[in-house]
Amino acid sequence: MEDETVFTSDTDLDFSFTSTTTDRTFASSSARSSLTLSFNESRLSTTTTNTATTFVHRGKCDPNWSAIKTARSLSSDGNLHLRHLKLVRHLGTGNLGRVYLCNIRDCKNSDFALKVIDRESLTHKKLLQVQMEAQILSMLDHPFLPTLYAHIEVSHYTCLLIDYCCNGDLHSLLRKQPGNRLPVQAVRFFAAEVLIALEYLHALGIVYRDLKPENILLREDGHIMLSDFDLCFKSEVVPTMETTRVRKRVSRTTNCFGGPVKEPAEEDVEVEFVAEPTAAYSKSCVGTHEYLAPELVSGNGHGSGVDWWAFGILIYELLYGTTPFKGGSKEGTLRNIASNMQVKCHVAESEEKGMEEAKDLIGRLLVKEPSRRLGCSKGATEIKRHRFFDGLNWALLRNYKTPDVYGQVKKGQPHVNHVTGDSRGRRRRSWWKGFRFLLKNKGGEKFKRLNSNLSNSSYYHHVNSTKID
1 MEDETVFTSD
11 TDLDFSFTST
21 TTDRTFASSS
31 ARSSLTLSFN
41 ESRLSTTTTN
51 TATTFVHRGK
61 CDPNWSAIKT
71 ARSLSSDGNL
81 HLRHLKLVRH
91 LGTGNLGRVY
101 LCNIRDCKNS
111 DFALKVIDRE
121 SLTHKKLLQV
131 QMEAQILSML
141 DHPFLPTLYA
151 HIEVSHYTCL
161 LIDYCCNGDL
171 HSLLRKQPGN
181 RLPVQAVRFF
191 AAEVLIALEY
201 LHALGIVYRD
211 LKPENILLRE
221 DGHIMLSDFD
231 LCFKSEVVPT
241 METTRVRKRV
251 SRTTNCFGGP
261 VKEPAEEDVE
271 VEFVAEPTAA
281 YSKSCVGTHE
291 YLAPELVSGN
301 GHGSGVDWWA
311 FGILIYELLY
321 GTTPFKGGSK
331 EGTLRNIASN
341 MQVKCHVAES
351 EEKGMEEAKD
361 LIGRLLVKEP
371 SRRLGCSKGA
381 TEIKRHRFFD
391 GLNWALLRNY
401 KTPDVYGQVK
411 KGQPHVNHVT
421 GDSRGRRRRS
431 WWKGFRFLLK
441 NKGGEKFKRL
451 NSNLSNSSYY
461 HHVNSTKID
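Be aware that the sequence shown starts at 1, since it is given in the numbering used here, and climbs by one per residue.
Treat each hint with caution, since some may be false.
[Said to hold, decoys possible] Taking lysine-lysine pairs in the BS3-like style, the calculated list, with each CA pair at most 30 Å apart, reads:
no.: 1; residue 1: K108; residue 2: K234
no.: 2; residue 1: K126; residue 2: K344
no.: 3; residue 1: K283; residue 2: K176
no.: 4; residue 1: K108; residue 2: K410
no.: 5; residue 1: K234; residue 2: K384
no.: 6; residue 1: K410; residue 2: K368
no.: 7; residue 1: K410; residue 2: K384
no.: 8; residue 1: K359; residue 2: K344
no.: 9; residue 1: K212; residue 2: K69
no.: 10; residue 1: K344; residue 2: K326
Derived from the structure by calculation, the hints contain no laboratory data. All values reported here derive from a predicted model rather than from experimental measurement.
Using the sequences provided together with the hints, build the complete structure.
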(Lines of atoms letter the chains of each structure in order from A and count residues from 1; the text may use other names and numbers.)
(Lines give C-alpha, C1' and ligand atoms only; values in the text may rest on other atoms or scores of the structure.)
Protein backbone atom coordinates (compact mmCIF):
# COMPACT_ATOMS: atom_id res chain seq x y z
CA MET A 1 0.00 0.00 0.00
CA GLU A 2 1.46 3.31 -1.03
CA ASP A 3 0.78 6.49 0.95
CA GLU A 4 -0.33 9.50 -0.99
CA THR A 5 0.34 13.16 -0.27
CA VAL A 6 -2.06 14.53 2.32
CA PHE A 7 -3.82 17.80 1.44
CA THR A 8 -5.20 19.74 4.38
CA SER A 9 -7.24 22.90 4.12
CA ASP A 10 -6.03 24.76 7.18
CA THR A 11 -2.28 24.13 7.34
CA ASP A 12 0.62 25.89 5.76
CA LEU A 13 3.40 24.08 3.93
CA ASP A 14 4.87 21.46 6.27
CA PHE A 15 8.05 19.62 5.35
CA SER A 16 8.20 17.62 8.57
CA PHE A 17 7.81 13.89 8.09
CA THR A 18 4.83 11.91 9.28
CA SER A 19 5.82 8.29 9.72
CA THR A 20 3.13 5.80 8.76
CA THR A 21 3.56 2.04 8.90
CA THR A 22 2.58 0.08 5.83
CA ASP A 23 0.48 -3.08 5.99
CA ARG A 24 3.49 -5.27 5.18
CA THR A 25 5.43 -7.13 7.88
CA PHE A 26 9.11 -7.92 7.78
CA ALA A 27 11.55 -10.16 9.60
CA SER A 28 13.48 -7.14 10.89
CA SER A 29 12.79 -5.67 14.31
CA SER A 30 11.19 -2.52 12.93
CA ALA A 31 8.56 -2.13 10.23
CA ARG A 32 9.40 -0.13 7.17
CA SER A 33 7.85 3.34 7.18
CA SER A 34 6.77 5.61 4.40
CA LEU A 35 7.04 9.38 4.61
CA THR A 36 4.38 11.94 3.82
CA LEU A 37 4.61 15.56 2.73
CA SER A 38 1.69 17.62 4.01
CA PHE A 39 0.71 20.93 2.39
CA ASN A 40 -2.16 22.78 0.83
CA GLU A 41 -0.74 23.99 -2.47
CA SER A 42 -4.05 25.47 -3.64
CA ARG A 43 -3.91 28.16 -0.91
CA LEU A 44 -0.28 29.12 -1.50
CA SER A 45 1.32 31.28 -4.14
CA THR A 46 3.60 29.09 -6.23
CA THR A 47 6.30 30.13 -8.65
CA THR A 48 8.18 27.46 -10.58
CA THR A 49 11.26 27.92 -12.70
CA ASN A 50 11.94 24.87 -14.87
CA THR A 51 15.00 24.26 -17.01
CA ALA A 52 13.76 24.35 -20.59
CA THR A 53 16.17 21.97 -22.30
CA THR A 54 18.20 18.94 -21.41
CA PHE A 55 21.82 19.86 -20.68
CA VAL A 56 24.48 18.96 -23.22
CA HIS A 57 26.37 16.54 -20.98
CA ARG A 58 23.22 14.49 -20.37
CA GLY A 59 22.19 11.64 -22.63
CA LYS A 60 18.94 11.75 -24.55
CA CYS A 61 17.59 8.85 -22.46
CA ASP A 62 18.50 10.34 -19.09
CA PRO A 63 15.84 8.99 -16.65
CA ASN A 64 15.73 12.17 -14.58
CA TRP A 65 14.91 14.42 -17.50
CA SER A 66 12.45 11.85 -18.84
CA ALA A 67 10.61 11.87 -15.52
CA ILE A 68 10.60 15.68 -15.40
CA LYS A 69 9.23 15.92 -18.94
CA THR A 70 6.53 13.37 -18.18
CA ALA A 71 5.39 15.27 -15.08
CA ARG A 72 5.39 18.59 -16.93
CA SER A 73 3.43 17.15 -19.84
CA LEU A 74 0.71 16.00 -17.44
CA SER A 75 0.61 19.34 -15.60
CA SER A 76 -2.14 21.78 -16.54
CA ASP A 77 0.29 24.71 -16.83
CA GLY A 78 3.28 22.74 -18.14
CA ASN A 79 5.33 23.30 -14.95
CA LEU A 80 6.59 21.03 -12.21
CA HIS A 81 4.91 21.46 -8.81
CA LEU A 82 5.43 20.03 -5.35
CA ARG A 83 2.41 17.76 -5.80
CA HIS A 84 4.40 15.91 -8.47
CA LEU A 85 7.10 14.96 -5.94
CA LYS A 86 7.04 12.14 -3.44
CA LEU A 87 9.44 12.35 -0.51
CA VAL A 88 11.32 9.19 0.38
CA ARG A 89 13.45 10.16 3.36
CA HIS A 90 15.33 12.97 5.05
CA LEU A 91 18.98 13.05 3.93
CA GLY A 92 20.41 15.77 6.15
CA THR A 93 20.29 19.33 7.42
CA GLY A 94 22.71 21.98 6.22
CA ASN A 95 23.54 25.58 6.93
CA LEU A 96 20.48 26.91 5.08
CA GLY A 97 17.90 24.15 5.01
CA ARG A 98 17.01 20.49 4.88
CA VAL A 99 17.63 18.02 2.05
CA TYR A 100 15.27 15.18 1.15
CA LEU A 101 15.46 12.24 -1.20
CA CYS A 102 12.46 12.31 -3.51
CA ASN A 103 11.22 11.06 -6.84
CA ILE A 104 8.56 11.96 -9.37
CA ARG A 105 5.29 10.22 -8.60
CA ASP A 106 4.79 7.04 -10.65
CA CYS A 107 8.43 7.31 -11.88
CA LYS A 108 10.40 5.32 -9.33
CA ASN A 109 13.50 4.93 -11.52
CA SER A 110 14.48 8.59 -11.02
CA ASP A 111 15.87 9.92 -7.74
CA PHE A 112 16.37 13.59 -6.88
CA ALA A 113 17.59 15.63 -3.95
CA LEU A 114 15.16 18.34 -2.85
CA LYS A 115 16.74 21.18 -0.89
CA VAL A 116 14.06 22.97 1.16
CA ILE A 117 14.85 26.38 2.64
CA ASP A 118 12.54 28.22 5.04
CA ARG A 119 13.23 31.87 4.24
CA GLU A 120 11.38 33.14 7.31
CA SER A 121 13.91 31.47 9.61
CA LEU A 122 16.96 33.02 7.92
CA THR A 123 18.79 36.28 8.46
CA HIS A 124 19.22 38.80 5.65
CA LYS A 125 22.81 37.59 5.10
CA LYS A 126 21.70 33.98 4.69
CA LEU A 127 18.87 35.02 2.38
CA LEU A 128 21.49 36.52 0.08
CA GLN A 129 23.35 33.20 0.21
CA VAL A 130 20.18 31.37 -0.83
CA GLN A 131 19.77 33.71 -3.80
CA MET A 132 23.41 33.22 -4.76
CA GLU A 133 23.15 29.42 -4.65
CA ALA A 134 19.97 29.39 -6.75
CA GLN A 135 21.55 31.75 -9.29
CA ILE A 136 24.75 29.70 -9.58
CA LEU A 137 22.90 26.37 -9.86
CA SER A 138 20.89 27.79 -12.75
CA MET A 139 24.15 28.58 -14.60
CA LEU A 140 25.79 25.16 -14.30
CA ASP A 141 26.07 22.63 -17.11
CA HIS A 142 28.90 20.24 -16.26
CA PRO A 143 29.18 16.48 -15.51
CA PHE A 144 30.95 17.13 -12.18
CA LEU A 145 28.47 19.76 -10.98
CA PRO A 146 24.78 19.45 -10.04
CA THR A 147 21.90 20.02 -12.43
CA LEU A 148 19.08 22.29 -11.29
CA TYR A 149 15.93 20.57 -12.57
CA ALA A 150 13.46 22.99 -10.99
CA HIS A 151 13.38 26.02 -8.70
CA ILE A 152 10.05 26.19 -6.87
CA GLU A 153 8.94 29.07 -4.65
CA VAL A 154 5.99 28.18 -2.40
CA SER A 155 4.91 30.63 0.30
CA HIS A 156 8.06 31.32 2.38
CA TYR A 157 9.85 28.19 1.15
CA THR A 158 12.47 27.92 -1.58
CA CYS A 159 12.79 24.43 -3.05
CA LEU A 160 15.69 23.42 -5.30
CA LEU A 161 15.44 20.10 -7.15
CA ILE A 162 18.92 18.78 -7.99
CA ASP A 163 20.85 15.54 -8.56
CA TYR A 164 20.92 12.88 -5.86
CA CYS A 165 24.26 11.13 -5.19
CA CYS A 166 23.65 7.73 -3.62
CA ASN A 167 27.28 7.04 -2.64
CA GLY A 168 27.54 9.76 -0.02
CA ASP A 169 30.51 12.11 0.14
CA LEU A 170 34.29 11.83 -0.07
CA HIS A 171 34.68 12.55 3.65
CA SER A 172 32.65 9.46 4.59
CA LEU A 173 34.59 7.34 2.10
CA LEU A 174 37.87 8.61 3.51
CA ARG A 175 36.88 7.59 7.03
CA LYS A 176 36.36 4.00 5.85
CA GLN A 177 39.96 3.68 4.65
CA PRO A 178 42.87 2.25 6.68
CA GLY A 179 44.52 5.26 8.30
CA ASN A 180 41.85 7.51 6.72
CA ARG A 181 44.02 7.67 3.59
CA LEU A 182 43.45 6.93 -0.08
CA PRO A 183 45.97 5.37 -2.50
CA VAL A 184 47.89 7.85 -4.64
CA GLN A 185 46.18 6.71 -7.85
CA ALA A 186 42.73 7.29 -6.33
CA VAL A 187 43.80 10.70 -5.02
CA ARG A 188 45.02 11.64 -8.50
CA PHE A 189 41.69 10.65 -10.01
CA PHE A 190 39.47 12.51 -7.53
CA ALA A 191 41.77 15.56 -7.53
CA ALA A 192 41.65 15.70 -11.34
CA GLU A 193 37.85 15.71 -11.39
CA VAL A 194 37.71 18.41 -8.69
CA LEU A 195 40.23 20.46 -10.68
CA ILE A 196 38.05 20.26 -13.81
CA ALA A 197 34.99 21.37 -11.82
CA LEU A 198 36.87 24.33 -10.30
CA GLU A 199 38.17 25.29 -13.74
CA TYR A 200 34.60 25.45 -15.03
CA LEU A 201 33.41 27.53 -12.07
CA HIS A 202 36.30 29.99 -12.43
CA ALA A 203 35.61 30.28 -16.17
CA LEU A 204 32.14 31.54 -15.18
CA GLY A 205 33.69 33.99 -12.73
CA ILE A 206 32.56 31.95 -9.69
CA VAL A 207 34.87 31.61 -6.66
CA TYR A 208 33.77 28.51 -4.74
CA ARG A 209 35.24 29.13 -1.23
CA ASP A 210 33.87 25.94 0.33
CA LEU A 211 36.01 23.10 -1.00
CA LYS A 212 36.30 20.16 1.42
CA PRO A 213 35.67 16.38 1.27
CA GLU A 214 32.20 16.83 2.81
CA ASN A 215 31.12 18.88 -0.23
CA ILE A 216 32.43 16.38 -2.79
CA LEU A 217 29.59 13.94 -3.41
CA LEU A 218 29.97 10.60 -5.18
CA ARG A 219 27.57 9.71 -7.95
CA GLU A 220 26.22 6.23 -8.61
CA ASP A 221 29.03 5.54 -11.11
CA GLY A 222 31.76 6.70 -8.70
CA HIS A 223 32.47 10.08 -10.32
CA ILE A 224 32.33 13.24 -8.21
CA MET A 225 29.88 16.11 -7.94
CA LEU A 226 30.59 19.34 -6.04
CA SER A 227 27.77 20.61 -3.84
CA ASP A 228 26.79 23.62 -1.70
CA PHE A 229 27.27 26.93 -3.50
CA ASP A 230 25.89 29.30 -0.87
CA LEU A 231 29.35 30.68 0.05
CA CYS A 232 30.35 31.48 -3.54
CA PHE A 233 30.77 34.95 -4.97
CA LYS A 234 30.81 36.10 -8.58
CA SER A 235 33.26 38.28 -10.44
CA GLU A 236 34.07 39.35 -13.95
CA VAL A 237 36.33 37.09 -15.98
CA VAL A 238 37.85 37.57 -19.43
CA PRO A 239 38.76 34.25 -21.11
CA THR A 240 41.85 34.36 -23.30
CA MET A 241 43.79 32.04 -25.60
CA GLU A 242 47.49 32.11 -24.77
CA THR A 243 50.43 30.65 -26.64
CA THR A 244 52.93 28.77 -24.48
CA ARG A 245 56.20 27.04 -25.31
CA VAL A 246 56.34 23.68 -23.57
CA ARG A 247 59.61 21.81 -23.30
CA LYS A 248 59.30 18.16 -24.26
CA ARG A 249 60.45 15.53 -21.82
CA VAL A 250 62.73 13.13 -23.73
CA SER A 251 63.77 9.69 -22.55
CA ARG A 252 67.42 9.27 -21.65
CA THR A 253 69.55 7.32 -24.11
CA THR A 254 73.08 5.93 -23.86
CA ASN A 255 75.86 5.51 -26.38
CA CYS A 256 77.68 2.28 -27.20
CA PHE A 257 80.03 2.85 -24.23
CA GLY A 258 77.16 3.17 -21.74
CA GLY A 259 77.50 6.93 -21.34
CA PRO A 260 74.57 9.36 -21.62
CA VAL A 261 73.88 10.98 -24.97
CA LYS A 262 73.11 14.70 -24.91
CA GLU A 263 70.12 15.39 -27.13
CA PRO A 264 68.89 18.86 -27.99
CA ALA A 265 65.78 19.86 -26.03
CA GLU A 266 62.63 20.08 -28.13
CA GLU A 267 59.83 22.55 -27.60
CA ASP A 268 56.20 22.46 -28.59
CA VAL A 269 54.03 25.52 -29.07
CA GLU A 270 50.67 25.02 -27.36
CA VAL A 271 47.61 27.25 -27.42
CA GLU A 272 45.94 27.23 -24.00
CA PHE A 273 42.55 28.39 -22.82
CA VAL A 274 42.91 30.58 -19.71
CA ALA A 275 39.87 31.81 -17.79
CA GLU A 276 40.82 32.78 -14.26
CA PRO A 277 38.93 35.55 -12.41
CA THR A 278 42.11 37.37 -11.34
CA ALA A 279 40.10 40.52 -10.56
CA ALA A 280 37.84 38.72 -8.05
CA TYR A 281 37.89 40.39 -4.63
CA SER A 282 36.01 39.90 -1.37
CA LYS A 283 36.63 40.70 2.29
CA SER A 284 34.08 38.35 3.88
CA CYS A 285 35.52 35.51 5.95
CA VAL A 286 33.60 32.34 5.12
CA GLY A 287 34.45 28.68 4.77
CA THR A 288 35.66 25.76 6.88
CA HIS A 289 38.46 26.78 9.26
CA GLU A 290 40.91 24.00 8.29
CA TYR A 291 40.58 24.96 4.61
CA LEU A 292 40.80 28.76 4.94
CA ALA A 293 43.61 30.46 3.03
CA PRO A 294 45.96 32.86 4.90
CA GLU A 295 44.67 35.92 3.06
CA LEU A 296 41.11 34.95 4.00
CA VAL A 297 42.03 34.52 7.69
CA SER A 298 43.77 37.91 7.76
CA GLY A 299 40.62 39.67 6.53
CA ASN A 300 42.60 41.90 4.16
CA GLY A 301 40.72 40.69 1.10
CA HIS A 302 41.02 37.64 -1.11
CA GLY A 303 40.37 36.42 -4.63
CA SER A 304 40.16 33.17 -6.57
CA GLY A 305 43.46 31.97 -5.10
CA VAL A 306 41.60 30.74 -1.99
CA ASP A 307 40.21 27.87 -4.09
CA TRP A 308 43.71 26.74 -5.12
CA TRP A 309 44.88 26.86 -1.49
CA ALA A 310 41.89 24.70 -0.51
CA PHE A 311 42.70 22.37 -3.41
CA GLY A 312 46.16 21.82 -1.94
CA ILE A 313 44.66 21.15 1.52
CA LEU A 314 42.26 18.65 -0.06
CA ILE A 315 45.04 16.64 -1.74
CA TYR A 316 47.00 16.64 1.52
CA GLU A 317 44.03 15.33 3.51
CA LEU A 318 43.25 12.60 0.97
CA LEU A 319 46.87 11.41 1.15
CA TYR A 320 47.52 11.76 4.89
CA GLY A 321 44.09 11.60 6.54
CA THR A 322 44.39 15.01 8.21
CA THR A 323 44.93 18.65 7.26
CA PRO A 324 48.42 20.19 7.45
CA PHE A 325 47.73 23.16 9.75
CA LYS A 326 45.31 21.51 12.17
CA GLY A 327 45.77 22.68 15.75
CA GLY A 328 44.33 21.70 19.10
CA SER A 329 41.35 24.00 18.56
CA LYS A 330 39.81 26.14 15.82
CA GLU A 331 41.75 29.14 17.11
CA GLY A 332 44.98 27.13 17.08
CA THR A 333 44.34 26.04 13.48
CA LEU A 334 43.73 29.63 12.37
CA ARG A 335 46.91 30.78 14.12
CA ASN A 336 48.92 28.10 12.31
CA ILE A 337 47.46 29.19 8.96
CA ALA A 338 48.18 32.87 9.59
CA SER A 339 51.72 32.24 10.93
CA ASN A 340 54.91 31.62 8.97
CA MET A 341 54.53 27.87 9.52
CA GLN A 342 55.18 25.99 6.30
CA VAL A 343 53.52 22.78 5.19
CA LYS A 344 55.39 19.60 6.09
CA CYS A 345 54.71 16.32 4.32
CA HIS A 346 55.41 13.08 6.14
CA VAL A 347 58.37 11.08 4.84
CA ALA A 348 57.95 7.30 4.80
CA GLU A 349 60.63 4.67 4.23
CA SER A 350 58.80 3.24 1.24
CA GLU A 351 56.38 5.49 -0.63
CA GLU A 352 53.89 4.78 -3.36
CA LYS A 353 54.68 5.72 -6.91
CA GLY A 354 53.60 9.30 -7.52
CA MET A 355 53.99 10.41 -3.90
CA GLU A 356 56.97 12.66 -4.67
CA GLU A 357 55.02 14.45 -7.39
CA ALA A 358 52.02 14.82 -5.07
CA LYS A 359 54.15 16.42 -2.34
CA ASP A 360 55.66 18.82 -4.86
CA LEU A 361 52.19 19.87 -6.05
CA ILE A 362 51.01 20.38 -2.47
CA GLY A 363 54.03 22.57 -1.76
CA ARG A 364 53.33 24.75 -4.81
CA LEU A 365 49.63 25.14 -3.93
CA LEU A 366 50.13 25.87 -0.23
CA VAL A 367 52.23 29.00 -0.75
CA LYS A 368 51.02 31.63 1.69
CA GLU A 369 51.71 34.53 -0.66
CA PRO A 370 48.85 34.39 -3.23
CA SER A 371 50.89 36.00 -6.02
CA ARG A 372 53.37 33.08 -5.92
CA ARG A 373 50.77 30.32 -5.49
CA LEU A 374 50.30 27.87 -8.34
CA GLY A 375 47.06 28.60 -10.19
CA CYS A 376 46.63 32.21 -9.14
CA SER A 377 47.75 33.64 -12.49
CA LYS A 378 46.59 31.10 -15.09
CA GLY A 379 44.22 29.00 -13.01
CA ALA A 380 43.74 25.30 -13.65
CA THR A 381 45.69 25.50 -16.91
CA GLU A 382 49.06 25.63 -15.14
CA ILE A 383 48.03 23.10 -12.48
CA LYS A 384 47.15 20.56 -15.18
CA ARG A 385 50.74 20.73 -16.44
CA HIS A 386 52.16 19.54 -13.12
CA ARG A 387 53.92 16.16 -13.08
CA PHE A 388 51.35 14.74 -10.65
CA PHE A 389 48.80 14.66 -13.48
CA ASP A 390 51.13 13.28 -16.17
CA GLY A 391 49.44 10.74 -18.42
CA LEU A 392 45.88 12.00 -17.87
CA ASN A 393 43.73 12.56 -20.91
CA TRP A 394 41.65 15.47 -19.63
CA ALA A 395 39.13 15.29 -22.46
CA LEU A 396 38.26 11.68 -21.59
CA LEU A 397 38.29 12.01 -17.80
CA ARG A 398 34.52 11.77 -17.39
CA ASN A 399 34.58 8.44 -19.29
CA TYR A 400 37.34 6.82 -17.22
CA LYS A 401 36.53 3.80 -15.13
CA THR A 402 36.66 5.03 -11.54
CA PRO A 403 39.32 3.55 -9.21
CA ASP A 404 38.34 0.70 -6.92
CA VAL A 405 38.31 2.06 -3.37
CA TYR A 406 37.39 0.12 -0.25
CA GLY A 407 33.88 0.93 0.97
CA GLN A 408 32.63 2.45 -2.27
CA VAL A 409 29.65 0.81 -3.93
CA LYS A 410 29.35 1.51 -7.64
CA LYS A 411 26.17 0.54 -9.41
CA GLY A 412 25.57 0.09 -13.10
CA GLN A 413 22.57 1.61 -14.82
CA PRO A 414 21.17 -1.06 -17.19
CA HIS A 415 18.22 0.17 -19.23
CA VAL A 416 15.25 -2.14 -18.70
CA ASN A 417 12.88 -2.74 -21.56
CA HIS A 418 9.42 -1.61 -20.43
CA VAL A 419 7.76 -4.44 -22.43
CA THR A 420 9.76 -7.55 -21.59
CA GLY A 421 11.73 -6.41 -18.57
CA ASP A 422 14.98 -7.73 -20.11
CA SER A 423 18.13 -5.71 -19.72
CA ARG A 424 19.36 -4.18 -22.96
CA GLY A 425 22.83 -4.02 -21.48
CA ARG A 426 22.84 -7.82 -21.09
CA ARG A 427 21.77 -8.32 -24.70
CA ARG A 428 24.43 -5.90 -25.90
CA ARG A 429 27.08 -7.81 -23.97
CA SER A 430 25.91 -11.09 -25.52
CA TRP A 431 26.01 -9.57 -28.98
CA TRP A 432 29.48 -8.16 -28.35
CA LYS A 433 30.80 -11.54 -27.14
CA GLY A 434 29.59 -13.14 -30.36
CA PHE A 435 31.17 -10.39 -32.43
CA ARG A 436 34.52 -10.79 -30.65
CA PHE A 437 34.40 -14.58 -31.20
CA LEU A 438 33.81 -14.05 -34.91
CA LEU A 439 36.67 -11.59 -35.18
CA LYS A 440 38.98 -13.85 -33.22
CA ASN A 441 38.43 -16.72 -35.64
CA LYS A 442 38.51 -14.67 -38.83
CA GLY A 443 40.29 -11.45 -38.05
CA GLY A 444 43.67 -12.68 -36.82
CA GLU A 445 46.06 -9.80 -36.12
CA LYS A 446 43.37 -7.18 -36.74
CA PHE A 447 41.38 -8.57 -33.81
CA LYS A 448 44.40 -8.47 -31.53
CA ARG A 449 44.98 -4.77 -32.30
CA LEU A 450 41.27 -3.98 -31.81
CA ASN A 451 41.11 -5.90 -28.54
CA SER A 452 44.23 -4.10 -27.29
CA ASN A 453 42.73 -0.70 -28.04
CA LEU A 454 39.49 -1.56 -26.26
CA SER A 455 41.33 -2.81 -23.18
CA ASN A 456 43.21 0.46 -22.83
CA SER A 457 40.22 2.67 -22.06
CA SER A 458 40.59 2.70 -18.28
CA TYR A 459 41.86 5.52 -16.11
CA TYR A 460 44.94 3.59 -15.01
CA HIS A 461 46.03 2.87 -18.58
CA HIS A 462 46.09 6.61 -19.40
CA VAL A 463 47.93 7.39 -16.17
CA ASN A 464 50.59 4.76 -16.66
CA SER A 465 50.95 5.06 -20.44
CA THR A 466 53.44 7.96 -20.18
CA LYS A 467 56.72 6.74 -18.70
CA ILE A 468 59.39 9.29 -17.87
CA ASP A 469 62.90 8.26 -17.02
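Hint check: K344 vs K326, CA-CA at most 30 Å. Holds or violated? 12 Å, holds
Problem set entry | Given pair status - K344, K359, alpha carbons within 30 Å | Judged against 30 Å, a Cα distance of about 9 Å means the pair holds.
Are K410 and K368 close enough, with their CA atoms no more than 30 Å apart? 38 Å, violated
**OP:** Please work out if K108 and K234 have their alpha carbons no farther apart than 30 Å.
**Re:** 37 Å, violated
Exercise for the section: Quickly compare the C-alpha distance for K410 and K384 to 30 Å and report which way the hint goes. Expected result: The given pair, whose Cα atoms are some 27 Å apart, holds under the 30 Å limit.
task = Take the C-alpha atoms of K283 and K176, compute the straight-line distance between them, and say whether it is at most 30 Å.
result = The given pair, whose Cα atoms are some 37 Å apart, is violated under the 30 Å limit.
- Message: Hinted pair, alpha-carbon criterion (30 Å max): K126, K344. Please report holds or violated.
- Response: Violated - the C-alpha atoms of K344 and K126 are around 37 Å apart, more than 30 Å.
* Asked: Hey, K234 versus K384, does the alpha-carbon distance stay inside 30 Å?
  -> 23 Å, holds
Discussion item. Can you confirm whether the C-alpha distance between K212 and K69 stays at or below 30 Å?
Written reply: Since the Cα atoms of K212 and K69 sit roughly 34 Å apart, the hinted pair is violated (cutoff 30 Å).
Between K108 and K410, does the CA-CA distance stay at or below 30 Å? Holds: K108 and K410 sit about 19 Å apart, inside 30 Å.
The structure does not agree with the numbered hints 1, 2, 3, 6, 9 stated previously, though it agrees with the rest.
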